[in-house]
Structures are given as C-alpha cells and as structure tokens.
Amino acid sequence: MSTAVSPQRNGGARDRAPEGSWRNLLRLHPDTGVLLSSLAILAVLIIVFSFTSEQFFSTTVLVNILNQMAIYIIAGVGMTLVMTSGGIDISIGSIIGVTATLMGILLIDAGVPALLAVLGALVVGAICGAFNGFLVAVVRVPPIIVTLGTFTLFRGIAYMLGEGRVYMRFAEPLPWLGDGRILAVPVPVYIALLTVIGGQFFLTSTRLGQRITAVGGNEEAARLAGIDVVRTKFLTYVIMGSLAGLTTVVIVARQDAAQAVMGTGIELHVIAAVILGGTSLFGGRGLILGTVLGALILGVLNTGLLLSGVVQFWQLVAIGILLIVVVALRIAREGTEGK
Amino acid sequence: MAATAIEPRQESAAAATGPVLEANNLRKSFGGIQAVDDVSFTLGQREILGMVGDNGAGKSTLIKIITGAYRKDSGEVSLDGEPVEIESTAHARSLGMETVYQSSGLVEVMDAPANLFLGREKLKEGWLGRYFGMIDKRFMREETSRLLQQLNITVRNLAAPVQTLSGGQQQSVAVGRAAYWKGRIIILDEPANNIGVDQQRAVLELVRQIRDEHGISFIMISHNMEHIFQVADRVIVMRNGRKVGDKPIGETTRNEVVGLITGALA
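If you read the protein sequences in the order shown, they are chains U and Y. Going by the working numbering, the final residue of the first sequence carries number 340, and the count climbs one at a time with no gaps. Going by the working numbering, the final residue of the second sequence carries number 1218, and the count climbs one at a time with no gaps.
Simulated from the structure, these hints should not be mistaken for lab results. Take these hints with a grain of salt, some might be off.
Claimed, not checked - A few chain U residues that face chain Y, going by a derived Cβ cut-off under 10 Å, partial list only:
| # | residue |
| --- | --- |
| 1 | I198 |
| 2 | F202 |
| 3 | F203 |
| 4 | R208 |
To be verified - Derived CB-CB ranges, DEER-like:
| # | chain 1 | residue 1 | chain 2 | residue 2 | range |
| --- | --- | --- | --- | --- | --- |
| 5 | U | G321 | Y | R1082 | 42 to 50 Å |
| 6 | U | A333 | Y | K1199 | 48 to 56 Å |
| 7 | Y | A1021 | U | N65 | 36 to 44 Å |
| 8 | U | A333 | Y | G984 | 50 to 58 Å |
| 9 | Y | E1028 | U | D229 | 28 to 36 Å |
| 10 | Y | V1210 | U | P31 | 24 to 32 Å |
Stated by the list, open to error - Stretch-level coverage of chain U by chain Y, calculated; a stretch enters the list once three of its residues show a Cβ under 8 Å from a Cβ in chain Y:
| # | region |
| --- | --- |
| 11 | 160-172 |
| 12 | 184-195 |
Since this is a predicted model, take the numbers as computed values, not measurements. Just so it is clear, CB atoms sit at the ideal spot from N, CA and C, and this is done for glycine as well.
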C-alpha cells in the first residue's frame, strides 16, 4: 500500500500556524508566558522607581545597571544550562577565585600578554568545571554535594595560589575590557550580550543543547533514546566552568585587580536570577532570555531601592520576598495547568 | 530524506515468507533462578504477536534478551533467517528493533518534534550543522507534522510539551516514533496501560494500522486479555520462565489463555 501523504491540509485544525508570525509565536510557544511575566515584573519595577526616585529613569542609571549585571548574566547563562540539565553549581564563586588568582599570577608574576591570561582563565575554569562534571556524571555524586565540596576546595586552592596577595594595575588592553566603552555602552555589556546570543543559540538550536534539555527533562527516556547522558552532563559543567572563567575576566578587568577572595557569594545572585527568569528547578526547561530578565530585575530592584533612599537591609528583604513570591506563583500556575 | 514520513518497506522476495524473528532455546538465569527456561518462538512478517503471563513469568527478561538489554546464557536469535548476536540496545535498534516502553519513553517537557528525533536529531546541511551542531528544526517539525497526520494523531500545537497531550496521544507518538525510525519489529511493553479506555482503543488501532500499511511486525506484552484478543494474530503464554502456550488467536479463547497463565490448564 502506498503511504505517500495526500495533501489534504485544507480546513484541518492542526498545523495552521504559518511560519514565524508574531501572534502565533506568542500563542504557541510555551515559554512565552513565563518570559512575558518576567518582563512585566521588570517593567513594573522600572515604572515604580521612576516615581519614587528622581534620578532613576535616566540613560546613565539604566546603562549602569546593565553594566553591573553583566557578570551575573554571563555566569547565569552557564547556570541556566546546568539547571536545565537537572543539576546545580554552587562552586562558581570559587572557580572565579581560582581563575582570578591565576590571571594575577600570569599577568604580574609571569608577565604574559592579556590575551593569554584571558585564555588561561577560560581553560582553567573549564578544568574546574570538568572536575565537577566528572564527579556528577561519572561518579554520580549529587550535584549539590559535589559543588558544595568544590565550593570549599576551589577556594582553598585559590588562597594557596594567591598567598594573600592582591595583584593590581594591569597593562592595557585588559582594563579596557572592564571600563572601556563602544558607542557609549560599556564593554562588559557587549561581552554579556555575545554570551547570551551564543547561549540561546546553543540551548535551543544545537544537538548538545537539546540533549541537555532532554537529560534534565527525563534522564531515563534520554538514555533509552540512545543519548550519552554521562557525556552530556559532563560537558554542561565544563561549559559552566569556562563561563565562570569569562566572568572572572570581566571582574578582574573592571576592578583592575585580582585576588583569591573574588567571586565570593556570586552563586546566590546568579541562581536567583536564573530562577526568577523561569528556568525549572527540576531540569528540562531552561530560558536563557529569562535569566537575562531575572538578572535585570535584581539589578533594577537593588539600584531602585538604593536611589529611593531605602536602607540596605530592606533591599535584602525585598529581594528575598520577590524571589519566593515569583517562584510560588509559577509553581501554583503550573499546578493548575495540569502536568 | 524522502518526502514521506514512514516509507513502505521494501521486502526482498526471499525474506517475504519466513519469520522476521526466530528465537531458539533461549535461557537466562539470575543467581540460580531460571528466569527464561528453554524458550523458542517465532515472529512472522506483519504479525502482531501477543505475549502474556503473570508477573515474574519471564516476559520482560525474554524481551530484554531480544532487545539487547540482557545477554542470554544460551540459545540463538535469528533475524530474517540470519543468526545474530545482539550486544546492546543500540545494536538491536540498528538491526531494526524498536521498543516502546510502558512509561512511553518520551521527555514530557519537550515538544513532539524533539521527542520524535530524540537522540537522533537531524542536523542542518552545511557548515552550521557540521561545525556547530545546529539542528534542522524546520525539517523535524515538518516530518513530525506529516507523521502525526499519517497516523491520524491530532496535535493542535506542535511546539507544546508532550505532557500537554493525553496519555493515549503520548503513547501514540511513542509508537509512531518507533515506526518512523524504520523499526521492522516494534516491541510494545504494556502499550495501553495507564490510559483511558477510548485512548487504549486508539493506540491499538494505530498498532494495527501501522502493521497493515507498513508491514511492521509487533510483539505486544499485555496484561489485558481484551487488548490481546482485539489486535493480536497469535498469543504466546509464559509461566515460570517457560513458554506454556502458543496459539493463533482464532484457535483459542480467553478462558484457555487465562488457564494457561495461572497454570490451571497446564
């Protein structure tokens, strides 16, 4: 019997969406709702702070927020991938400590060119990530345990390497990466933008990106479909590590200094941004653009409260409440929509 | 790839008559327990073979030997008359054996195209695919749309996660996936479990349709006697690791099969 498909598509309810139309994109894509809700929160915050503070709504302040958030966005792209795979990495701050110290040693003690130091940070970051990835994927220790261990371990290594020194005043062009501007926009913003574009493309349009989503969504089904789960998870942590290295480059360049304590506490902000952005805590759904919005929400909230004269303690309280409320609302909504 | 989602099988004249799959004297034991004890059976071209038996009767072990998940202790498996040594599930798949699992084996949070091509993503032609591993989403979506249409599965929104589909539709997508990937033998492990009655019928109908139109053979494990008698051509009964019955469906009754399962008729 012939199986050629007869072109009887007229009038059918299915498959009516013409390619790329805006309305359909909005209606059809399951992530759109989450992204819009994050965007709405961001818009509301910006409007509110424009009233509560006279200085807030200005190009300078908004560009500043973008600039400040660049490091959270860069690391956040990596964290989005890790959480999409069903894992988590709380060791990124310590990876930043190791790679920052390494950059200081390379630039000041060894006097290598900036480009080589940058490459060194990316490679050593990737090696730290590979260590995490090996323990998670091959030895099968839960990610939270592995990275809690390496959280301490990497920081210890950073202190040993740095011996308490602070490396300062690097030769150009490194500082330019931190405070240079192209068309009035700070260089770190461009670095973050490129990372986001690359991350978005990687996660949604490449084979490995799809497999990361599959492994996080249903590991058993992914394995049965012939996906190499071990390799997929391993590579996710390697990518996270190298993006932590890239984050280091921006931090070191911006401060024009490098020391072992750098990156302390960054993981909490990064994870908060990823979660605010709508990436699932349980894996299988990652929204790179959501992470960008999540980071911007945190930045706007911080700066807005500061400029509105709110005491810093209240800023912390506000961020905590926002995080819990947003996640609670999303879980409630997903619950009513049915599994 | 060609324009049709599932292509009709090209049968060579020689292979058209003999069994697709032949298993002889299979044995497998786990620590002294004979899970599969000297079992032989055949699966014909275009045949839907039901496999029934109590829990622990050896159905799953038998299937896992056939699909490469377990290595057999002794015995022989032939495909189209050629003896084969099946080394892994991937190997079984490359030989044209696809398995549809009870829990459907889909990633529920991903959409239908991603699931159809799970682990076998189609890369874009040219450098974007070769160097960046970019996948051809349009191709995957079009193929999925075509396949679903062919199988009369209505999915309103191809970009929606498959968890928004009904259980029956999910199972149909899983069966369709096995057919799409040129499975010559599709093994269904409780294909209509955990789904509504209407949907059970739809899944069984789909199995029959794929068999009729594409000449694919099925082995269907089921606890449900109704399902077996609805679609199977023949039924084999397992009990305590042995095959205790092997009957064309027209020459047996539900009572007889149940008797064989429980040992009342042994």
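When the structure is checked against the list of hints, which entries are broken? Sort them ascending. 1, 7, 10, 11 and 12
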